[in-house]
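Construct the entire structure; sequences and hints are all you get.
One letter stands for each residue in the lines below.
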Amino acid sequence: MKNFAIETGEDGVALVTFDVPGRSMNTLTAEVLRELGEVVQTVRTDGAIKGAVIASGKQSGFCAGADLTELGGSLALGEDAGDAERAVLFETVYALNTLFRSLETCGKPLVAAIAGVALGGGFELALACHARVVADNPKIQLGLPESKVGLLPGAGGTQRLPRLVGAARALPLMLEGKSMSPQDALKLGVVHAVVPAGELLDAARALVGKTEPVAPWDRKDFRIPGGGPFTPATAQVFIMGNAMLRRQSFGNYPAQINLMRAVYEGLQVPIDAGLRIESRYFAKTLLTPQAKAMIRTLFLSMDQLGRGAARPKVEQTFAPKKVAVLGAGMMGAGIAYVQAMAGIPTVLIDVSQEAAEKGVGYTRKLLDKAVSRGTMAQDRAQAVLALITPSADYAQVEGSDLVVEAVFESRDLKAETTRRAEAYLAQDAIFGSNTSTLPITGLAEASKRPEKFIGIHFFSPVDRMGLVEIIMGERTSEETLACAVDYVMKIRKTPIVVNDSRGFYTSRCFGTFIQEGMELLTDGIAPAIIDNVGRATGMPRGPLEMHDDVALDLSLKIRQQTRRDMGDAFVPTASDPIIEKMVTELKRYGRKNGRGFYDYAEDGGKTLWPGLAELVPVTQADADAALVDEIRRRLLYRQAVEAARCMEEGVVTDARSADVGAILGWGFAPWTGGPISMIDGIGAVRFVAECDALAQRFGPRFTPPQSLRDMAASGRSFYASGVDGRKAA
Amino acid sequence: MADAYIYDAVRTPRGRGKKDGALHEITALSLATQVLEALRDRNTLDTGHLDDVVLGCVSPVGEQGADIARTAVLNADYAQTTAGVQINRFCASGLEACNMAAAKVMTGEAEMAIGGGVESMSRVPMGSDGGAWPLDPSSAFKTYFTPQGIGADLIATLHGFSRDDVDAYAVESQKRAATAWSENRFARSIVPVRDQLGLPILARDEHMRPDATMQSLGALNPSFAVPGEMAFDSVATQRYPQVERVRHVHHAGNSSGIVDGAAGVLFGTREAGEAMGLKPRARVRGMASIGSEPSIMLTGPSLVTEKLLGRLGMRVDDIDLYELNEAFASVVLRMMQALDIPHEKMNVNGGAIAMGHPLGATGAMILGTVLDELERSDKETALVTLCVGAGMGTATVIERV
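Those protein sequence lines, which keep their order, are chains A and B. Just so you know, the numbering used here puts 112 at position 112 of the first sequence, and the rest follows in order with no gaps. Just so you know, the numbering used here puts 921 at position 192 of the second sequence, and the rest follows in order with no gaps.
Just so you know, these hints were derived from the structure itself, not from any lab. Watch out, some of these pointers could steer you wrong.
Said to hold, decoys possible - Each computed BS3-like pair below joins lysine-lysine, with the alpha-carbon atoms no more than 30 Å apart: (1) A:Lys-178 / A:Lys-369; (2) A:Lys-178 / B:Lys-871; (3) B:Lys-1108 / A:Lys-148; (4) A:Lys-365 / A:Lys-321; (5) B:Lys-748 / B:Lys-1036.
Said to hold, decoys possible - Which residues of chain A face chain B? A few of them, derived with a C-beta cut under 10 Å, are: (6) Phe-230; (7) Gly-251; (8) Arg-261.
Yeah, the Cβ is synthetic: ideal placement off N, Cα and C, and Gly gets one too.
Laid out in structure tokens, this is it:
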């Protein structure tokens, strides 16, 4: 065996050490599972073995679960799979349940000794043991996060966890995919003991002798904690649980519904039948386009981009020893915080010392919160804070490897800031401009060395948003790009790389969502319908409320700027005069002044502004299924068409970046796996046909780009056609 | 096909459906038995000619389980040859039981049959029988399940009924019920319930609040605001995206009361009645059921009414009296609005808001109520209908003979 070592002590306790060679973390590869079968066989048949402790040989943790990269074959089938294919798929996924069940029924006590992270299949392996001991380290994560990537637990988790702690406690853990600390798990009754790390193995060995080799659910007197689905208390759990799941998911996530089904149905039958039911729902979920798209984008692509998939092949790694942040407003303050957290000495410069210090206050506030919550030690917080030096003096830029300019979104101001900073900047240092809309090539004109000039677009609030959009100017060098990617990885964000264009990639596509909301409004559709359906698409908010959050006056400013920049090419829309009237005449700026499409109450509640109906008469007050479907498609397809245009124009050259950027950047419906995955999932042929139909009714904004038509004609897809391979920027 | 005639209709008074309600110490079987005994004894029935007893019951478990209709037939000492079947169409079970009994008579399956229902909500609480619909994620998701109260509030929101509108309807229902009782309008149907010793224990509907006013109702908190906020309002607005926010207007005072009770209606062919020397009181002109949108759940009455009137070639105006179960005030307001029915024709003697809604029995009770009223006010035709769980409606049109 390569992945397991068995060492039987004089006490008859076998120590089974799980250690996958050549990997930093244990995962359940096909080979691991095969060998685990041998382990079970040995423990069962070897007369010298009285019981076993299963522990990890890795510092990194116990086991991070299934190896999702190995799911490829199982993900190849779609919902059109026939009976024979479905039967094979079932056998494949059910094998895991059979294996873990053989552990549980091997007749000898098995104790899992967990010294580090145990997630997904790794946690399920522990659940299939008769007892679990965990090292007392609050950083250890235990849980079943499968639903976050479009799956459900498929190795007995949906059956064992609710039988252990009851449906009321197990369902939220699995539906939200939240992990538990060892102490949380102990309180919940999921683990039997939490001991100091150094005593883990001894404690586990000792527990072997005290453990009956029978799972609670295999005892005759077993009762599900809280009772089965048709006991009064648990009935309420399912009735409310179904509704709450719909409230949160809008029915867009088959994995979560199938998870609920597996628990509901599985708890009504013996464990063996429950495991079969789980495997059926797991296989059924694998067939869905959502699972495929979510695994690809939210797990594989996110992981690849996080490791620098977008980085050009430049040998030297960029490790900035000092970074100057120009502008200590909300963005600059947030950038300084993430830099300090990543250990980068930071100078935070603003027009006055006072303004700069106010920017540092942002970091202080976040650190204080972390300390008061107990998630950070006081001395560490002080060390982080000490990394940021506030100043009003541009001379402080000297010695920086990188400057991140985050001043107000004005061409002139940015140009002046660039000139002032470059006066102190070393020849080989990088200049990054944080802008969400201004083309980088234009901004680079103010620079003496445009090949070192690059766009680094952060999202607000910087400390919470995981994406950074890196923008190549016309003259930006590959070396500069590599530095920017390295920097973004260093501050633990996910970088995507795009080429220069108005609004780049994320702002440009996000803008179409807001704009389509305005089109729906001027089409006479009731505002409640627009935002309710908007939310139901899986976007974080409806387009009108989102517009309020962005701010209507900002929206007007951008339109006016665009009109000036584009001249005759500018296409006015029916909604332009509405926004203009709301901002200039009615002073309705959005959430920021409590008045926009909605009226905002002191308590945070909001109601649609009654005056809106006078401004834009409602001609469609009722919503039938066909209208809802059409609005849903308008809102999602409009963004996807724009993303496809960005791909055709080379604004974004990598489908993975387009998809990850959409979900992390502007909250594009995660169930789709991103706009490009959505097009692939629908199929280019059907998508083009539906867009043409929409274009005919609503205008050329829906007209698909030629490259999509070509794709439809040749039967290709984005991901299958190698488009995700980076083209020369 | 033969005509089905109604020969008699009886009901128990309705007891408050709580532990301190008068009928809480009377079994459901006893309630059903006393109804069957009354129908037999008032009409000197030869139950050897009574083919079947169909009883509605919505929570048919425990003492109401295992075919309470047949159990009651045996317990009431009916002829051994009289069959019995329990059916469940949720809130319309009692009317559906009558429709089935009438259908048996029409098709020749039965010469005489009883339709009715029983529900002791204090002894077998609502929901005791479980059921997959709201629990099973498959059906709950597909149908956007929300509790009835949310549906009632959604109807009020969609069709513009304010809190004052629904409260005013409830006050009127209480007034009408009080008037009806004070004028003995229910006298012909009411069979006082007797206790184990044979003494009367309840002779009058126990749930009524004739002193209810706009002020007293105004003090009550909406019942469904909390579950709505937790999740169900979102489910409702996902199904009805034209609704920005569900306005919660229903509470215990403008919704049907939880009560215990039973009822029965005697159907037969003209020949069978004549053979037993009975005089028919009304003829069943037609009956229908329909499915409606399940999430809002309670919009079936106007739809099934249109379906039935259409089939009978009748117009809304051709009906002299309407009886629609007062599940929630908005359900009745909506039907009057949708079909343009004047309040003077609707639930003239009050309804379930005042007197209560013993789920399985109500349909049969209000069929009897409207028959009594047709005779009292000397009118010809009446339509009885109820909204039904999971989105259905059931209706019956009768006319005097």
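Right, here's what the structure says about each hint:
1. A:Lys-178 / A:Lys-369: holds (21 Å)
2. A:Lys-178 / B:Lys-871: Holds, at about 26 Å.
3. B:Lys-1108 / A:Lys-148: Status violated; Cα separation ~65 Å.
4. A:Lys-365 / A:Lys-321: holds (25 Å)
5. B:Lys-748 / B:Lys-1036: Measuring from Cα to Cα gives roughly 41 Å; hence the hint is violated.
6. Phe-230: For Phe-230 of chain A, the interface hint holds, since the closest Cβ of chain B sits about 4 Å away, which is under 10 Å.
7. Gly-251: holds (6 Å)
8. Arg-261: holds (5 Å)
Hints 3, 5, counting from the list given before, are not met by this structure.
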